[in-house]
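6 protein chains.
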Amino acid sequence: MSDSKQLRDYQVDENINGFVLLKQIDTRVTNSGKPYLAITVADRSMEISGMKWDTTENEAAALKVGEVVAISAVRQEYRDKPQLKFFEIRPTTLGEPNNPADYMASGPMKAKEMEEEVNALLFQIVNPTWQRVVRFLLNQYHEQFFTYPAAKSNHHAFAGGLGFHSLSIARLAQSVVKQYPNVDGSLLLASALLHDLGKVIELSGPIATTYTIPGNLIGHIVLIDEQIVLAAQELNLDLFSEDMVVLRHVILAHHGQLEYGSPVRPLIKEANILHQLDELDANIQSFDNALAETNPGEFGAKSWALDNRSIYKPTEK
Amino acid sequence: MSDSKQLRDYQVDENINGFVLLKQIDTRVTNSGKPYLAITVADRSMEISGMKWDTTENEAAALKVGEVVAISAVRQEYRDKPQLKFFEIRPTTLGEPNNPADYMASGPMKAKEMEEEVNALLFQIVNPTWQRVVRFLLNQYHEQFFTYPAAKSNHHAFAGGLGFHSLSIARLAQSVVKQYPNVDGSLLLASALLHDLGKVIELSGPIATTYTIPGNLIGHIVLIDEQIVLAAQELNLDLFSEDMVVLRHVILAHHGQLEYGSPVRPLIKEANILHQLDELDANIQSFDNALAETNPGEFGAKSWALDNRSIYKPTEK
Amino acid sequence: MSDSKQLRDYQVDENINGFVLLKQIDTRVTNSGKPYLAITVADRSMEISGMKWDTTENEAAALKVGEVVAISAVRQEYRDKPQLKFFEIRPTTLGEPNNPADYMASGPMKAKEMEEEVNALLFQIVNPTWQRVVRFLLNQYHEQFFTYPAAKSNHHAFAGGLGFHSLSIARLAQSVVKQYPNVDGSLLLASALLHDLGKVIELSGPIATTYTIPGNLIGHIVLIDEQIVLAAQELNLDLFSEDMVVLRHVILAHHGQLEYGSPVRPLIKEANILHQLDELDANIQSFDNALAETNPGEFGAKSWALDNRSIYKPTEK
Amino acid sequence: MSDSKQLRDYQVDENINGFVLLKQIDTRVTNSGKPYLAITVADRSMEISGMKWDTTENEAAALKVGEVVAISAVRQEYRDKPQLKFFEIRPTTLGEPNNPADYMASGPMKAKEMEEEVNALLFQIVNPTWQRVVRFLLNQYHEQFFTYPAAKSNHHAFAGGLGFHSLSIARLAQSVVKQYPNVDGSLLLASALLHDLGKVIELSGPIATTYTIPGNLIGHIVLIDEQIVLAAQELNLDLFSEDMVVLRHVILAHHGQLEYGSPVRPLIKEANILHQLDELDANIQSFDNALAETNPGEFGAKSWALDNRSIYKPTEK
Amino acid sequence: MSDSKQLRDYQVDENINGFVLLKQIDTRVTNSGKPYLAITVADRSMEISGMKWDTTENEAAALKVGEVVAISAVRQEYRDKPQLKFFEIRPTTLGEPNNPADYMASGPMKAKEMEEEVNALLFQIVNPTWQRVVRFLLNQYHEQFFTYPAAKSNHHAFAGGLGFHSLSIARLAQSVVKQYPNVDGSLLLASALLHDLGKVIELSGPIATTYTIPGNLIGHIVLIDEQIVLAAQELNLDLFSEDMVVLRHVILAHHGQLEYGSPVRPLIKEANILHQLDELDANIQSFDNALAETNPGEFGAKSWALDNRSIYKPTEK
Amino acid sequence: MSDSKQLRDYQVDENINGFVLLKQIDTRVTNSGKPYLAITVADRSMEISGMKWDTTENEAAALKVGEVVAISAVRQEYRDKPQLKFFEIRPTTLGEPNNPADYMASGPMKAKEMEEEVNALLFQIVNPTWQRVVRFLLNQYHEQFFTYPAAKSNHHAFAGGLGFHSLSIARLAQSVVKQYPNVDGSLLLASALLHDLGKVIELSGPIATTYTIPGNLIGHIVLIDEQIVLAAQELNLDLFSEDMVVLRHVILAHHGQLEYGSPVRPLIKEANILHQLDELDANIQSFDNALAETNPGEFGAKSWALDNRSIYKPTEK
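Protein chains in written order, with the UniProt record's numbering: chain A, 1 to 317; chain B, 1 to 317; chain C, 1 to 317; chain D, 1 to 317; chain E, 1 to 317; chain F, 1 to 317.
Among the clues, some could well be false.
Since the list gives no way to pick out one identical chain from another, each pair is judged satisfied if it fits inside one copy or across any two copies.
To be verified - Below are the DSBU-like pairs computed for lysine-lysine, each with C-alpha atoms no more than 30 Å apart in a straight line: (1) Lys64 to Lys313; (2) Lys178 to Lys152; (3) Lys23 to Lys112; (4) Lys110 to Lys64; (5) Lys313 to Lys178; (6) Lys178 to Lys302; (7) Lys81 to Lys152; (8) Lys23 to Lys64; (9) Lys178 to Lys64.
Think of the hints as simulated: they come from the structure by calculation, not from any bench.
Given only the sequences and the hints, what does the whole structure look like? Please build it.
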């Protein structure tokens, strides 16, 4: 597969010979008892699944999810959805591509660009307590912040999604601060940058993302709260000063409702605004995901991330 | 009452002699059978209630809610809340102030300023169908749009609140359009300006605002939809063209959920954004209302507009 | 297929050669990669699905959903449900049956009979405003009213179901008017006839019924409200007279609860009665549908239209 | 009070001297420590409350709720609601009226009339099992069935309300049976007559109605079910015959939803119909109650029985 | 299959020749039209499903669910779940095992042991009314109480589960009585023993358990209430004595909430305690079921009985 | 007031001269404009409110909530509820009683007794990680644990209620561990002792208890989680070891449902058991509170702590 030709570019019945990222592989058995492989691969352009109808006992065992593999396959269509029929799938050998990052969907910004914008934002956090905590934690989880996705699936589920989502909210926050008097911009920016940082513990990483055990048992909201408390300790900040209590509240409350996992409802204006901007950014991203798979003038499939709505894509802009 | 001295400026036990707007007046009977007056008056600075302990049979009948009255009273305090004890209350006579508008709370912008900003916004609605409908209806309800409140109570319940709330959303919409690609700015602006216009039929007017009968039986969401349909007819626009259907949908869906009175959920990206910006602006206003009555470092009273939350006002900015 | 022998009459293993209505056809691929056809056909007696295991590239393309087709097949049983195994399926040729209406399930009344009963009912609407609106709209959508189904699936999902359902409610309404004093019979009848008329815009038509774009984005409740407003305009009726406001309210409120899509709850007695009669008639129809597929002395399958209840059919009448 | 002059007939400031039914009496203390009586009395026309401002220690003790008393009072108005100011209240003496029934609101039908209609209905229950059970229980609770109210407050809260409500549903049931084929009229009539009969155990009686202990701890739905089971035992009917199981189900399910106190949801068509007719009749009665206290062209007070709706009474009939 | 070797003991690819209990058998058709058998069998160690790929017309008809069958099969694995591929399945012949009870999962206690513990408990019910009712009903349903499961599936779905679950709650009840003063131990024990006894009517029996018609239409809560009422009649106990009303209440309320099928909420302390102990015991059993199928250090499958939670099994004890 | 005579001992009309704890005091104004004091006082036996009808400007200012005061008053009854009419209320002087603790309701156990039982329990926590964390935190908050209430109002709202409630759950836990195999007793005991310890930060203290700012903005569930994290840091325990993650989970999940403020649902068996024992103990206490104010054979007032149920107190034990 040449650099320029991506999975999305192949037509039905066209042959594909090249390298892709292995996302999932299972050995299954047909009704008549024959084993086959169910495979999902991806590159930057899309994710696609399919079958390899004959397989040997050890074929799947030799392949590792999250690594680059070489494939030979043909592009097909099944119930309006693209699929592959695989002829061959094997690990790459010496000299062949082997960097998974080259085959991962990425967000609209490079880590470098995000980092620069975040650095500039830090200067707008004029409250010294909040600035120290944000700097401390962004330093501690620097790499993860710019490479983790913001979710296992749904909105911002791409490498770098966590940083990009946080940055998008910070941008919206700046617009709100400019438009409305009496919004505490330092508090809003500090919490925008930290609110989802617990995901670097909740999720396993950018490739083949799953929930970790602390992720499932504690959840990213409390996980970041704990990190803030430890940072305060490290920085000799008074845990029960108003600044510290308020920052923890804004972040704990960012899911907006108890039933969505926040242990407290937003009781401070900036907590409420953060929650609403988080939802706004996540929804826009979810709509864009759904629209990408919908034809103009039609309704898309029911979207789990949009509360099972089947959204409409207008014909004319 | 001199121009400069407002109701909010009087201290406890201080005498008040001046002109105010009459908001409510009832004749009641004490436990021991004596009639008295329960009165609410207001000026630009605040609304305040109190009693006039002796009254005659016809005193209340001579006074009209929504008009300017002359009062003589003393400022008191009851359970932490300010009240008045009235000695005299009478209609104004020739030569005395009589323009209710001079005593009404108003929003942060003058009608004139809002009008100019709206006029500028209209040019950003590049889709001709939407622009024609918006111009037609803003023209038809021009005066009401800039003088009606956006609610009977709660957020934006001041004269001009409707225009100001619509404008605030339009400003947020512009920030969103700038930040996110592929948002239809024309659609978002057009619907931001029209979404609450049904309130000019739902509410009785800027003074002593109540719900009208069509307001209660039909509601502002369907009332504006009907006006859009009549406008389309007047303008010879095809009611079932995608432009018309989409505009009606975005406005019908702006309460976001069926249980909040929208007959359809947002199925178009811009419908979802409008709903979220509407909620964001309304919530900020509700927080500001609650914060205005809360001391720094304390929790306020439970706020109906904020889902019974008792909000916190941080000490330090 | 002779006139007298319907799909429901065939036994397992019996061969069928005849004409049916094509409801759905899809080309699919077996696990081993071979294409086949998944087909649904129907006549007045039932709807039935099945496979044609060998097919050619263009076979499906030559057939059109909603038209009469000739089939050769055998009746089978799969997991207690009837199915067909198709040997042949082709368009009809000259001289063969080709009227879809001859193969469509129909309600218990003919359009002609319904029309006569409706005409008689119109005279019972003594209020001139309501009578003019009802006459205007039943005239405008005359054909659709008596041929559309009342739903895509569920209750009254047969051709003519819309008219029949409306008529059934009108009959119940007459019983209620007779039994209870002080019920406004004109209002109840007028709204019974109009309440679901928006479905002639919400649904695509009697054959292969789907939701239209305005159906999904606006919904039948608001669609008929808009038509009433336009009719009032046409008839020079005052849109904000009590008669017009009340009629719109009763129809807007007929789903009874906001969460079921009514933008207002019933605030007028007749609105509440209409809602309850609508539900009563729909439920009886849904029970009859479920009972038709249930053996006496047994519980049926879970019924979506009955809130997932699995209903019981008593043995003895 | 002459026979012809009822409480509803007195004007504001008019004196009342006559006999009424005592509904409630409490000794209370004013803010300044003086005891007074809070009294509610009624006759057939209305219920009315008020105060007697001076009282002695034993005055209230000498009066008994549920008995006829002699009063001297004046009719007043307080916050738009009628009230009485009592001058004297005393037990009646020999020769004065003393039959509470003469002062109780009653339904639109006399017990005698209801009884005749019920007797006629019994012949329409053709299933012998159901007929025997209904006859047995209506015989056992004959007097209560025609004199108890159907509720402590809300709909049908008048003496005889139980019988009248049951009869109203039976009438609706007959209309439904006539209109829809395949409805089991015997089952529907039998259960219409029995469905609320548990209220003769749940409630204390027609005067000063309260909930009994079994009423609160078991509830009328299970109380009637138990009576049916005991009746079946007495009549040597097989408790687990389909007839008996079905009858118990229809009655147990008549509140329609678990959260409204039915231990099972309606799984039989007639159970569903009974539930809907029960709701329809109760709602019409609740609307009529609310409308009786609402002026034409206005909205009434929020009605608890109507889920807090504030209903509208149209001007013109 | 030797006594010692149970289904759970076989490895993947190992052959099984022996006797098992037949739980379910269906004839199905492959996509290519060939009939096959879908079979579920069980012994004390586990339940397992699989296919027999060739079958004759009458093979399934000769086999009876709930009986012992002889099988020849091989153990396989499909999507991480164990399955069987059957070569042969036939009824047992003379001299071969034929007692289903030998192949049924059973609880941790034998019927005999449970019976002895229950007998001892009866002496702790010092209130004579309650003791007589409990003795009467446990006598009447003696065998079923110790052999029925407590559910069709979910918690305590093994033979003897009903008695064991009741006993477990009675044990918890004793701990509570010991720890808290003023808990009525007689009432709590009596109702613990009776609370689920209606399941002997609601369920079909210990083998191939299904819901009976009275089970579905009346439910076990009302079914046991009816039996208590009949017992009281038989024992000449006053149905409306406080003892009888209280006992019926405690049992009717044991699901704790109306939406879970109790017609009344717990209004007596012991009713509330019974409800909570019932839930505690059921939840512990459901967790144990889920933990049995989960690897240490991992999350299990979503459990319907635990409200769709995916539970975690810690590594170290 | 002699030591032996408590507030509960006084009869109606009896004079009281003695010392009590001042719980609340407000200056209010009668309808006729005269100021008066609304006062609540308490001793170990009960809390009681009342008025002092004449007061001076500074009288209330001289009195401090939470301190002992001298009163002269008379016991009265108002609407079935006891009240006081105060003649005098003043601060105590030198030599008079002044220890608030002598006038506070206390739980059934002394701090000393609770401490001994807790110390014995600690040895049953065999897991060293959990034991060290529990010892560390009980040491750090030693005094508060045995003197704080478990709530501002509702269940266990007495001094020492926190320790007593925790101990009660630990006792129930021991019964459960004894009855059920495979319950981790160490985990259950450790979390029973810690689960509500966050209340020592959430609440202001044993006297005149209110919520603190961190209490309202963070809540006791997250507050104790943070303390556990800091303790782990102090004790050099690995924050992400299974032991630490599991302990935090069990405590975070102890409210059982997200909507009750737990940020995660119980996913570990012991978490579920802790939640259910917490609810059981709290409910028994709430029932006992309600029963203490209810007459035998009657229903009590609606209890907020019991979800607005009006509970029944049986006559006979």
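How the hints compare with the structure:
1. Lys64 to Lys313: This pair counts as between: shortest inter-copy Cα distance 26 Å, intra-copy 38 Å.
2. Lys178 to Lys152: This pair counts as between: shortest inter-copy Cα distance 28 Å, intra-copy 33 Å.
3. Lys23 to Lys112: Within one copy only: 26 Å inside, 56 Å across.
4. Lys110 to Lys64: within (27 Å within a copy, 50 Å between copies)
5. Lys313 to Lys178: Between copies only: 20 Å across, 32 Å inside.
6. Lys178 to Lys302: between (37 Å within a copy, 28 Å between copies)
7. Lys81 to Lys152: both (22 Å within a copy, 25 Å between copies)
8. Lys23 to Lys64: Intra 9 Å, inter 40 Å, cutoff 30 Å: intra-copy only.
9. Lys178 to Lys64: Answer is neither; intra-copy 50 Å and inter-copy 43 Å both fail.
Hint compliance for this structure: hint 9 is the single one not met.
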